[in-house]
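**Q** The chain contents come next:
Protein chains: 4
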Amino acid sequence: MTTSRLEAFTDGVLAIIITIMVFQLKAPEETNLEALFPKAGVFVSYLISFIYVGIYWNNHHFLFQYIEKVTGKILWANLHFLFWLSLIPFTTSWVGENHLDDSPLALYGFTLLMCGISFVILQMVIVREHDKYFESKIIINLKNYQRVSLLIYSIGILLSFYAPVVAVFFYITPAILKIYSQIYHQKKLL
Amino acid sequence: MTTSRLEAFTDGVLAIIITIMVFQLKAPEETNLEALFPKAGVFVSYLISFIYVGIYWNNHHFLFQYIEKVTGKILWANLHFLFWLSLIPFTTSWVGENHLDDSPLALYGFTLLMCGISFVILQMVIVREHDKYFESKIIINLKNYQRVSLLIYSIGILLSFYAPVVAVFFYITPAILKIYSQIYHQKKLL
Amino acid sequence: MTTSRLEAFTDGVLAIIITIMVFQLKAPEETNLEALFPKAGVFVSYLISFIYVGIYWNNHHFLFQYIEKVTGKILWANLHFLFWLSLIPFTTSWVGENHLDDSPLALYGFTLLMCGISFVILQMVIVREHDKYFESKIIINLKNYQRVSLLIYSIGILLSFYAPVVAVFFYITPAILKIYSQIYHQKKLL
Amino acid sequence: MTTSRLEAFTDGVLAIIITIMVFQLKAPEETNLEALFPKAGVFVSYLISFIYVGIYWNNHHFLFQYIEKVTGKILWANLHFLFWLSLIPFTTSWVGENHLDDSPLALYGFTLLMCGISFVILQMVIVREHDKYFESKIIINLKNYQRVSLLIYSIGILLSFYAPVVAVFFYITPAILKIYSQIYHQKKLL
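Chains as they are written, first to last, in the numbering used here: chain L, 1 to 190; chain U, 191 to 380; chain A, 381 to 570; chain C, 571 to 760.
Hints are computed from structural coordinates only; laboratory data are not their basis.
One thing to keep in mind: the hints can contain errors.
[As the list claims (entries may be wrong)] Only some residues are given here: those of chain A computed to face chain C with a beta carbon under 7 angstroms:
1) Phe389
2) Trp464
3) Ser483
4) Pro484
All C-beta atoms, glycine included, are put in the ideal place defined by N, C-alpha and C.
Sequences and hints are given; from them, build the entire structure.
**A** If you want it as structure tokens, here you go:
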């Protein structure tokens, strides 16, 4: 089994998630620019979610270029990862309409956390089905970043109930670090 | 005619089905976690349907890697299979909002049954357009599993009207067995 | 420029059209089977549209397997064809909710007619950018069928205002003939 | 990293944007042809947006056929471009329902402008990551057209508040010129 269909299917699911979220941004009835202000929360949450899906697509793309064989375990670890990603539009919509309310914000962080965990599981399954050389080459320098970002999401979830503005800051930070890393380090590896 | 476009089109349709279902999970108006409880039925039915579409994508992927030629019959058997799969979001939504009511539950089982039957037809058409060697290599060890699961769906449909909880159990069992089988047996075959 | 991205983009658009139509089939509020009866019109119009999109995907697949170069003219003839196909969900929804009312039925036929005409234009553009040998091999035996089906759609549009049941019959006939032809004749050509 | 997944992902996103826009064209309740007249604004804005997404898909297709390596910077410049394109359905819907009202029309022009700017950025990033020969071959004859069209969009945005009909004319002109150019000049380059 080659990786081409797994990649194509994953690309399809991520393309749909990233595009369809914006349809929750309903056109307002009024036609003045002020009518857009209540949409700001949905817009910002869309922007953050767009960036996260972009990061995961980029990570997935990067991870699978070195993979030679696909097994049933890898297929299901990938579907598990896609399941959590597919919940992002739902939590994005809930948090976007209720800005800094605690439960939507905590659930949004929980989805980010589960996406992160399921991606780590996907990596682990792939490494176990391949060899040690593969691990050393690809995964090792991702590990530290991933551990830290899972910790940051967890703290963000707790902060949602006490200091929502800080929680948002915790959700955004790993994304900014990751984009920076992808832009400045993926150059060498290609 | 190569199989690449048939695979790409099928991947596209399955990616859309699996992703769009979650949009029936509308964000609640309230912002407390209790507001999510009424969504539990829709969420569970989404989870089960996600798993079934994942299983069929996996099966399809597995089946088509051995196929060398695509004919008009195979194209239409595949479209017939996609038609029944495309009804899953509709029945998922109906059953999810009405939990254990008999008609939605029976219709959900009927859709699962028709997906199963149309996949068996697709396999039969492919085997008939190829040779006997192909059949012995691929299909034979699927046959028993498929017969049993079609029977289980049929019993589940009947049970929907008398013991809905048991019906749900009948719908979930073939999925769990299939995931187990795909994780532990596809390893050898790749 | 190879044909691969044009095919992938077209597959994506057709996969979305064919799948998203079913989302107009909203789950009824009631939970008895009778609640599905008012959905019958939408279901039947979905089925017919699903078949037409399937036929066009099949035709497109068949046409492009012989094409060697893609030019700007071919790209825009293809986008023109996709534009008319993208209107099918709108007209399907209108006709499905109003069964045999004249205007929706005529508009549905008009969309079928424009899809047919734009596919003929796409073929003509492709032939003109290639050579005569290409035309004789591929197109010639399609031409008669296409002329007849464009005529049948046109008659169907007129009949929508006088004998809607007959109009539906005129819309379905070319599809049945085409499926039959694709199943029994594409075998030889592959 | 090859360009194939970046192309597939972009094709997926553009296919969804171009197709899903038409779902904002809700079927009217009445069944006479007059019921379609209030839909004319949405239909025209859909048509213009369909053409713009088609142009960008065509440009993207054209640009990436010469690209040999993909870096993190190119991936993010591409995601930035897709972000602005993904807002087109929202602004299309707002302007379509409010025809020539100033704010929706200006916002529509702003989205066109940002799509244009982000495509220019994508080109610049690609050129900087490749060599000078690449630039001279591909980009140079695009530059003048792009500068002029960005200027035309900007004037259109200003005109939205004073002469909306002229603004629409300014939005349509670059599209017509571009289609003409793609149909008559891409022939030589392929």
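**Q** Now tell me, hint by hint, if it's right for this structure.
**A** Consistency of the hints with the structure:
1. Phe389: It holds, given that the least Cβ distance between Phe389/A and chain C is near 5 angstroms, below 7 angstroms.
2. Trp464: 11 angstroms, violated
3. Ser483: Check passed: Cβ of Ser483/A comes within 5 angstroms of chain C, closer than 7 angstroms.
4. Pro484: 5 angstroms, holds
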